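*Asks:* Sequence lines, in order, name chains A and B.
Using the working numbering, the first residue of the first sequence is number 1, and each one after it goes up by one.
Using the working numbering, the first residue of the second sequence is number 1, and each one after it goes up by one.
Honestly, I wouldn't trust all of these hints.
[What the hints assert, rightly or not] Here are some, though not all, of the chain B residues that point toward chain A, as calculated from beta-carbon distances under 8 angstroms:
#, residue
1, G14
2, R27
3, N42
4, C44
5, M75
6, M96
7, N98
[Stated by the list, open to error] Taking lysine to any residue and the SDA-like style, the derived pairs with C-alpha atoms no more than 25 angstroms apart in a straight line are:
#, chain 1, residue 1, chain 2, residue 2
8, B, K88, A, M1
9, A, K127, B, R27
10, A, K91, A, Y109
11, B, K90, A, M64
12, A, K91, B, R27
13, B, K88, A, I74
14, B, K90, A, G154
15, B, K90, A, H156
16, A, K127, B, L92
[Claimed, not checked] Simulated DEER-style distance windows between Cβ atoms:
#, chain 1, residue 1, chain 2, residue 2, range
17, A, I14, B, M55, 42 to 50 angstroms
18, A, L104, B, I15, 17 to 25 angstroms
19, A, Q125, B, D93, 28 to 36 angstroms
20, A, R160, B, N95, 25 to 33 angstroms
21, A, F107, B, K90, 23 to 31 angstroms
Quick caveat, the hints were computed from the structure, so don't treat them as lab data.
Treat the numbers as computed from the prediction; the structure is a model and nothing was measured.
Glycine residues also receive a C-beta, built at the ideal position from the N, C-alpha and C atoms.
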Amino acid sequence: MTIIFYISAVIAVIATLITITSMNPVRALLYFILSLLASGVIFFVLGDPFAAALVVIINAGAIMVLFVFVVMMINPGKRTIEQEKQWTGAKMWILPSFLAVILLAEFIYILLLPGHRFSGHQIIQPKQVGLELFGHYLLVVELVSMVLLVGLLGAHHLSRKSNTVKSEDLED
Amino acid sequence: MAEINMQTGLILAGILFALGLTGVLVRRNIIFVLLSIEIMLNACGLAFIVIGSAMQEPDGQVMYFFILAIAAAEMAVGLGLVLNMFHKYKTLDTNMLNQMRG
Numbered sequence: 001m002t003i004i005f006y007i008s009a010v011i012a013v014i015a016t017l018i019t020i021t022s023m024n025p026v027r028a029l030l031y032f033i034l035s036l037l038a039s040g041v042i043f044f045v046l047g048d049p050f051a052a053a054l055v056v057i058i059n060a061g062a063i064m065v066l067f068v069f070v071v072m073m074i075n076p077g078k079r080t081i082e083q084e085k086q087w088t089g090a091k092m093w094i095l096p097s098f099l100a101v102i103l104l105a106e107f108i109y110i111l112l113l114p115g116h117r118f119s120g121h122q123i124i125q126p127k128q129v130g131l132e133l134f135g136h137y138l139l140v141v142e143l144v145s146m147v148l149l150v151g152l153l154g155a156h157h158l159s160r161k162s163n164t165v166k167s168e169d170l171e172d
Numbered sequence: 001m002a003e004i005n006m007q008t009g010l011i012l013a014g015i016l017f018a019l020g021l022t023g024v025l026v027r028r029n030i031i032f033v034l035l036s037i038e039i040m041l042n043a044c045g046l047a048f049i050v051i052g053s054a055m056q057e058p059d060g061q062v063m064y065f066f067i068l069a070i071a072a073a074e075m076a077v078g079l080g081l082v083l084n085m086f087h088k089y090k091t092l093d094t095n096m097l098n099q100m101r102g
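Can you make the complete structure from the sequences, with help from the hints?
*Replies:* Below, the structure written as structure tokens:
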């Protein structure tokens with residue numbers, strides 16, 4: 001189990017390094033998703049399957065899709081077609097797929113491992129997390145829901161049509 | 001099979017956080033700055049998970065849950081700001097935003 005942790009850690013660090021050094025936003029997003037998947041494997045190995053599911057669904061799924069949408073929106077016109085051709089070339093996906101295949105192999109290895117899956121680490125069940133979340137931390141959950149509401153209102157306000165018109169008026 | 005000790009996990013979280021911080025400081029494209037902030041938040045979450053796992057307590061995962069929620073809210077507002085910036089200035093360079101007019 002330790003070796004899986006180290007392999008995932010190396011993949012996470014490599015993917016993050018490429019994320020912050022690459023010039024192409026979509027490539028950076030791809031590598032960042034890979035880094036998130038690697039951290040998901042790390043959470044799983046550490047005995048937190050709930051957090052592993054959350055990082056894949058929310059972080060790698062929802063937030064990154066939002067990011068990709070924005071990158072696509074601010075890349076309009078003919079340039080995108082050329083970029084699309086460039087991105088679908090072999091050079092773009094070979095290293096990410098290689099690293100992802102390593103993660104997949106680790107995942108299959110963990111699933112096929114008989115018996116002692118989480119040696120040294122007791123699994124923290126989602127039930128425990130839920131009891132703690134809605135018992136001891138109830139007030140913080142309310143605060144977080146306020147933060148999400150404020151985020152929603154902020155995003156709505158920022159993307160309103162009249163808002164952009166107003167800012168253009170200010171420019172004149 | 002030996003147990004993964006807490007120090008190793010925390011070192012990994014530290015390395016990832018340092019990479020994110022470097023990204024914020026070095027890059028001038030606002031998309032990459034937002035991505036680096038996301039990297040830092042994820043590294044914080046990793047640190048919480050590692051400590052929670054070492055202590056055998058669910059509190060680490062609870063904190064990770066909160067960090068995820070805050071990251072989602074931050075991304076929604078941040079990407080709205082990026083779109084506004086792009087519509088107004090036609091660029092993603094943060095250096096173009098250094099002029100404030102009244």
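*Asks:* Run every hint past the structure and note whether it holds.
*Replies:* Against the structure, the hints come out as follows:
Evaluation of the B/G14 hint against chain A yields a violated restraint, the C-beta minimum of about 11 angstroms exceeding 8 angstroms. Proximity of B/R27 to chain A holds as hinted, the smallest CB-CB distance being about 7 angstroms (cut-off 8 angstroms). At about 6 angstroms, the closest approach between the beta carbon of B/N42 and any beta carbon in chain A falls short of 8 angstroms, and the interface hint on this residue holds. At its closest, the beta carbon of B/C44 sits 12 angstroms from a beta carbon of chain A; the interface hint therefore is violated under the 8 angstroms criterion.
The beta carbon of B/M75 comes within 5 angstroms of a beta carbon in chain A, closer than 8 angstroms, and the hint placing it at the interface holds. Below 8 angstroms, beta-carbon pairs count as interface contacts, and B/M96 has none with chain A, the closest being about 14 angstroms; its hint is therefore violated. At its closest, the beta carbon of B/N98 sits 17 angstroms from a beta carbon of chain A; the interface hint therefore is violated under the 8 angstroms criterion. Distance hint between B/K88 and A/M1 is unfulfilled; the C-alpha atoms sit about 51 angstroms from each other, more than 25 angstroms.
Taking the CA atoms of A/K127 and B/R27, the gap is near 42 angstroms; set against the 25 angstroms cutoff, the hint is violated. Taking the CA atoms of A/K91 and A/Y109, the gap is about 28 angstroms. The hint is violated against a cut of 25 angstroms. A hinted pair counts as satisfied when its Cα atoms are at most 25 angstroms apart, and B/K90 with A/M64 qualifies at roughly 23 angstroms. Restraint check for A/K91 and B/R27: satisfied, since their Cα atoms lie roughly 24 angstroms apart, inside the 25 angstroms limit.
The suggested pairing of B/K88 with A/I74 holds, with an alpha-carbon distance near 12 angstroms, which does not exceed 25 angstroms. A threshold of 25 angstroms between alpha carbons decides the hint, and for B/K90 with A/G154 the separation of about 22 angstroms falls inside it, so the pair holds. At roughly 21 angstroms between alpha-carbon atoms, B/K90 and A/H156 fall within 25 angstroms of each other, so this suggested pair holds. This hinted pair does not check out: A/K127 and B/L92 have alpha carbons roughly 44 angstroms apart, beyond 25 angstroms.
Under the hint 42 to 50 angstroms, the C-beta atoms of A/I14 and B/M55, about 29 angstroms apart, miss the expected range. Taking the beta carbon of each, A/L104 and B/I15 are about 24 angstroms apart, inside 17 to 25 angstroms as hinted. Range check, A/Q125 to B/D93: about 48 angstroms between beta-carbon atoms, so the 28 to 36 angstroms window is missed. A/R160 and B/N95 have their C-beta atoms about 27 angstroms apart, which keeps the hinted 25 to 33 angstroms range intact.
Our hint of 23 to 31 angstroms for A/F107 and B/K90 is violated, since their Cβ atoms are close to 44 angstroms apart.
When the structure is compared with the earlier hints, violations turn up for hints 1, 4, 6, 7, 8, 9, 10, 16, 17, 19, 21 and for no others.
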